[in-house]
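S.K.: Let the hints inform the model, and build the full structure from the sequences given.
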Amino acid sequence: MLTPTNPPNYYYLFIKLPRITHTISHFLLPPLFFLVPGSMIKQDPLFLPTCFPPNQEAMFGDSESGHISDWLEDSVSYIPYFLDDPFVVSDNNVLDDRWWLQPQDLEQQIFSTSTVTSTDTTTTTVSPSDYLVFSDQSKQHLINDLSKKRKAPSTLQVKKPVPRRGQGKPTKDGCSNDNRNGRWAEQVLNPCAAAIAAGNVSRVRHLLVVLRELASPTGDANYRLAAYGLQALTHHLSATKHHPVKVEVVQPAVHFSTVKPKFFKETLINFNDINPWFTIPNHVANSSILQVLAEQSANLHILDIGVSHGLQWPTLLEALSRRPSGPPPLVRLTVVTPTPETNLQIPFANSPPGYNFISNILRSANDYKINLHINRLDNCPLQNLNSQIIKSCPEEILVVCAQFRLHSLNHTNPDNRTEFLKMMRSLEPKGVILNENNMECSCNSCSNFETGFARRVDGLWSFLDSTSVAYKGREMEERKMMEGEASKALMDMCNMNERKEKWVERMMGVGFAGEVFREDVMERGQALLKKYDSNWSLRADNERDGCVSLWWKGQPVSFCSLWKIDPCKN
Numbered sequence: 175m176l177t178p179t180n181p182p183n184y185y186y187l188f189i190k191l192p193r194i195t196h197t198i199s200h201f202l203l204p205p206l207f208f209l210v211p212g213s214m215i216k217q218d219p220l221f222l223p224t225c226f227p228p229n230q231e232a233m234f235g236d237s238e239s240g241h242i243s244d245w246l247e248d249s250v251s252y253i254p255y256f257l258d259d260p261f262v263v264s265d266n267n268v269l270d271d272r273w274w275l276q277p278q279d280l281e282q283q284i285f286s287t288s289t290v291t292s293t294d295t296t297t298t299t300v301s302p303s304d305y306l307v308f309s310d311q312s313k314q315h316l317i318n319d320l321s322k323k324r325k326a327p328s329t330l331q332v333k334k335p336v337p338r339r340g341q342g343k344p345t346k347d348g349c350s351n352d353n354r355n356g357r358w359a360e361q362v363l364n365p366c367a368a369a370i371a372a373g374n375v376s377r378v379r380h381l382l383v384v385l386r387e388l389a390s391p392t393g394d395a396n397y398r399l400a401a402y403g404l405q406a407l408t409h410h411l412s413a414t415k416h417h418p419v420k421v422e423v424v425q426p427a428v429h430f431s432t433v434k435p436k437f438f439k440e441t442l443i444n445f446n447d448i449n450p451w452f453t454i455p456n457h458v459a460n461s462s463i464l465q466v467l468a469e470q471s472a473n474l475h476i477l478d479i480g481v482s483h484g485l486q487w488p489t490l491l492e493a494l495s496r497r498p499s500g501p502p503p504l505v506r507l508t509v510v511t512p513t514p515e516t517n518l519q520i521p522f523a524n525s526p527p528g529y530n531f532i533s534n535i536l537r538s539a540n541d542y543k544i545n546l547h548i549n550r551l552d553n554c555p556l557q558n559l560n561s562q563i564i565k566s567c568p569e570e571i572l573v574v575c576a577q578f579r580l581h582s583l584n585h586t587n588p589d590n591r592t593e594f595l596k597m598m599r600s601l602e603p604k605g606v607i608l609n610e611n612n613m614e615c616s617c618n619s620c621s622n623f624e625t626g627f628a629r630r631v632d633g634l635w636s637f638l639d640s641t642s643v644a645y646k647g648r649e650m651e652e653r654k655m656m657e658g659e660a661s662k663a664l665m666d667m668c669n670m671n672e673r674k675e676k677w678v679e680r681m682m683g684v685g686f687a688g689e690v691f692r693e694d695v696m697e698r699g700q701a702l703l704k705k706y707d708s709n710w711s712l713r714a715d716n717e718r719d720g721c722v723s724l725w726w727k728g729q730p731v732s733f734c735s736l737w738k739i740d741p742c743k744n
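Residues 175 to 744 in the numbering used here are what the sequence shown lists, from first letter to last.
One thing to keep in mind: the hints can contain errors.
Unchecked claim - Each computed EDC-like pair below joins lysine to aspartate or glutamate, with the alpha-carbon atoms no more than 20 angstroms apart: (1) K604 with E569; (2) K596 with D694; (3) K604 with D740; (4) K596 with E679; (5) K565 with E614; (6) K676 with E689; (7) K604 with D632; (8) K596 with E651; (9) K704 with D447; (10) K738 with E651; (11) K743 with E602; (12) K738 with E593.
To be verified - Restraint ranges, calculated between C-beta atoms of paired labels, are given here: (13) E649 with N587: 23 to 29 angstroms; (14) K596 with E651: 42 to 48 angstroms; (15) N558 with A687: 23 to 29 angstroms; (16) N558 with K738: 22 to 28 angstroms; (17) S561 with G528: 30 to 36 angstroms.
Simulated from the structure, these hints should not be mistaken for lab results. Every residue gets a Cβ at the ideal spot worked out from N, C-alpha and C, and that includes glycine.
M.R.: Below, the structure written as structure tokens:
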């Protein structure tokens with residue numbers, strides 16, 4: 175290896191050689207290095223840092239801009255294309271719920287999407303301060319990842335993850351508990367967002383090149399997070415008027431509205447069977463309804479403002495049929511669907527065209543001999559709901575079930591969120607179930623673009639990391655659909671999540687009092703959670719607010735709460 179004889183004047187020059195593709199595996203010709211004079215910037219031969227593609231804009235002065243522009247446009251990658259890690263998999267166990275028809279062979283029916291491209295190649299000299307700084311552990315983690323990717327599938331053996339039974343060890347697909355040193359994708363995405371906010375054009379261009387080389391819809395959570403983050407950043411840049419950086423528009427991710435109803439239904443059933451992201455909130459919600467109903471025999475009216483797409487209700491109907499006093503004489507279910515304006519913005523809220531779960535629920539109710547009436551409210555904004563629209567009456571037990579939808583309401587100016595909570599109070603429900611994301615707000619009023627984007631990236635990481643474990647690393651269209659839907663949170667620059675404590679403050683401010691869950695709710699929730707990976711945990715805070723929180727690897731993901739009208743504020 176040559177070394178510079180005069181460090182201030184001589185540096186390594188990396189020469190990229192084309193990749194040779196073999197039918198069995200991929201190889202790279204060794205890079206060449208020469209001593210070159212001048213003020214060229216030194217870069218490690220294994221890229222940035224030790225493995226990222228070099229910043230060509232920084233390596234050369236303006237006199238070389240023409241040659242480097244040609245180099246940037248070369249179709250050959252700076253690093254090998256990532257090979258999918260092979261996993262030994264078992265048959266996919268789909269939830270055996272007799273409400274749904276037994277699924278046939280799962281058809282991967284995905285609608286095609288188009289790609290729009292717009293390129294612009296401009297070379298700019300970058301100062302040394304534009305480079306990324308990584309911890310040594312992050313470097314080593316990414317080097318290990320890339321070395322695994324370079325191996326041919328026939329030479330790479332990966333042990334099958336051991337399914338959890340009780341207190342099993344965390345599977346290999348996720349990083350260790352809150353191990354941010356292994357989360358290298360955020361260390362590229364967040365600096366890129368910061369550069370966009372600061373208007374640092376050269377740094378933005380450089381980091382976009384890095385992201386394009388690393389982003390992949392397959393691989394571990396880091397590669398997929400880089401892909402979804404790149405999509406969000408390019409979408410933001412393309413929507414910004416007069417921005418000097420013109421970018422290639424990334425192909426949209428597969429999500430709920432782009433698939434066929436059959437594929438959508440079967441994927442949701444399977445996801446709930448392998449990941450408790452929605453299963454636990456649905457369980458707590460159903461248990462809360464039973465807790466409110468107690469042993470009363472009055473009619474039950476449920477106002478469904480959620481994202482379950484009907485999957486949670488057959489379990490509730492079965493529980494109602496097993497009550498000692500029997501089911502209520504009448505069960506009414508009023509489903510409030512998202513409006514077209516918010517339908518595409520709220521993750522997990524929309525469904526594919528033609529999907530209708532009402533007939534399935536009615537069939538289930540008939541099996542359990544329950545008198546069920548369903549009313550669906552389309553194109554009705556949440557702010558417009560009232561007792562006349564939902565057709566409530568004083569003789570029935572009204573329970574509002576709001577799950578992962580209220581964070582779409584503006585909470586600044588105007589404060590539609592508080593107004594909606596006041597409206598719920600005016601309905602005089604016997605119980606309100608509020609399940610929401612437990613994370614900081616990332617809207618423009620509560621944070622700048624840099625901070626808000628970092629918060630959204632942090633939230634998406636937990637979802638991608640948990641799906642890696644749930645699907646045991648398998649590359650499946652089902653996983654792509656779920657993750658593509660979750661990635662919509664990155665695209666929505668006005669995402670208005672709030673921490674649990676803020677939601678508690680809002681509910682108490684409009685006249686609700688928190689209700690502590692019964693012991694059997696937690697016991698059954700803990701028992702249900704045992705079928706999933708041991709990185710999941712369920713925690714109750716009965717002394718403070720009575721909420722139950724779902725955690726992944728030591729970080730809160732969501733919370734569930736039960737509220738009743740505060741008699742002291744009538």
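S.K.: Against each hint, give a clear statement of whether it holds in the structure.
M.R.: Against the structure, the hints come out as follows:
{"no.": "1", "hint": "K604 with E569", "verdict": "holds (11 angstroms)"}
{"no.": "2", "hint": "K596 with D694", "verdict": "violated (31 angstroms)"}
{"no.": "3", "hint": "K604 with D740", "verdict": "holds (11 angstroms)"}
{"no.": "4", "hint": "K596 with E679", "verdict": "holds (13 angstroms)"}
{"no.": "5", "hint": "K565 with E614", "verdict": "violated (35 angstroms)"}
{"no.": "6", "hint": "K676 with E689", "verdict": "holds (17 angstroms)"}
{"no.": "7", "hint": "K604 with D632", "verdict": "violated (36 angstroms)"}
{"no.": "8", "hint": "K596 with E651", "verdict": "violated (42 angstroms)"}
{"no.": "9", "hint": "K704 with D447", "verdict": "holds (12 angstroms)"}
{"no.": "10", "hint": "K738 with E651", "verdict": "violated (42 angstroms)"}
{"no.": "11", "hint": "K743 with E602", "verdict": "holds (13 angstroms)"}
{"no.": "12", "hint": "K738 with E593", "verdict": "holds (17 angstroms)"}
{"no.": "13", "hint": "E649 with N587: 23 to 29 angstroms", "verdict": "violated (45 angstroms)"}
{"no.": "14", "hint": "K596 with E651: 42 to 48 angstroms", "verdict": "holds (43 angstroms)"}
{"no.": "15", "hint": "N558 with A687: 23 to 29 angstroms", "verdict": "holds (26 angstroms)"}
{"no.": "16", "hint": "N558 with K738: 22 to 28 angstroms", "verdict": "holds (24 angstroms)"}
{"no.": "17", "hint": "S561 with G528: 30 to 36 angstroms", "verdict": "holds (32 angstroms)"}
Going down the numbered hints, you'll see the structure goes against 2, 5, 7, 8, 10 and 13, while the others check out.
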